[in-house]
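*Asks:* Residues in the sequence shown are numbered from 16 upward in steps of one, following the numbering used here.
What the hints contain is simulated information worked out from the structure, not anything from laboratory work.
Note that CB positions come from ideal geometry on N, CA and C, so glycine has one too.
It cannot be assumed that every hint is accurate.
[Stated by the list, open to error] Simulated crosslink set (DSBU-like; lysine-lysine; CA at most 30 Å straight-line): (1) K70 to K41; (2) K70 to K42; (3) K101 to K64; (4) K119 to K41.
[What the hints assert, rightly or not] Simulated restraints on C-beta separations: (5) D75 to R52: 18 to 28 Å; (6) E103 to D75: 21 to 31 Å; (7) I32 to K119: 31 to 41 Å; (8) E28 to E103: 16 to 26 Å; (9) M121 to S53: 14 to 24 Å; (10) D115 to E28: 34 to 44 Å.
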Amino acid sequence: MIKEWGTEYENSESPNIVASLFGHYKKHKDSYLMLYRSGLSYLVLDNIKAVCGPKPDQEDLPAYFSDWFAGALFGWIDEWITRGMKQEPEEMARLLEEVDRRSKAMS
Numbered sequence: 016m017i018k019e020w021g022t023e024y025e026n027s028e029s030p031n032i033v034a035s036l037f038g039h040y041k042k043h044k045d046s047y048l049m050l051y052r053s054g055l056s057y058l059v060l061d062n063i064k065a066v067c068g069p070k071p072d073q074e075d076l077p078a079y080f081s082d083w084f085a086g087a088l089f090g091w092i093d094e095w096i097t098r099g100m101k102q103e104p105e106e107m108a109r110l111l112e113e114v115d116r117r118s119k120a121m122s
């Protein structure tokens, strides 16, 4: 399913990868909820790391950042799926942007 999303994202005009990824999970809600009920949520993390996690050819700092970002994004998606995906994908992307804005204001 995640390969399908990659193709859809590459062919879309949406610059927001986060909203697009949340949209993918929402579109396949039943399948992902079944994965979670089966104790296979780690597959979602594996997919996220494949998309935006560290790559073997990256230098250390970018690799660490990529892994941190993938883990944080998984945390958001994991909690959202666990809570039943009530918010729309665009709302989740907006909330994540708000957290980013607030964290920058604190530094």
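*Asks:* A separate judgement is required for each hint: does it hold in the structure or not?
*Replies:* So, going through the hints one by one against the coordinates:
no.: 1; hint: K70 to K41; verdict: holds (27 Å)
no.: 2; hint: K70 to K42; verdict: holds (27 Å)
no.: 3; hint: K101 to K64; verdict: holds (24 Å)
no.: 4; hint: K119 to K41; verdict: holds (29 Å)
no.: 5; hint: D75 to R52: 18 to 28 Å; verdict: violated (38 Å)
no.: 6; hint: E103 to D75: 21 to 31 Å; verdict: violated (37 Å)
no.: 7; hint: I32 to K119: 31 to 41 Å; verdict: violated (19 Å)
no.: 8; hint: E28 to E103: 16 to 26 Å; verdict: holds (19 Å)
no.: 9; hint: M121 to S53: 14 to 24 Å; verdict: violated (39 Å)
no.: 10; hint: D115 to E28: 34 to 44 Å; verdict: violated (23 Å)
Of the numbered hints stated above, those contradicted by the structure are hints 5, 6, 7, 9, 10, listed in ascending order.
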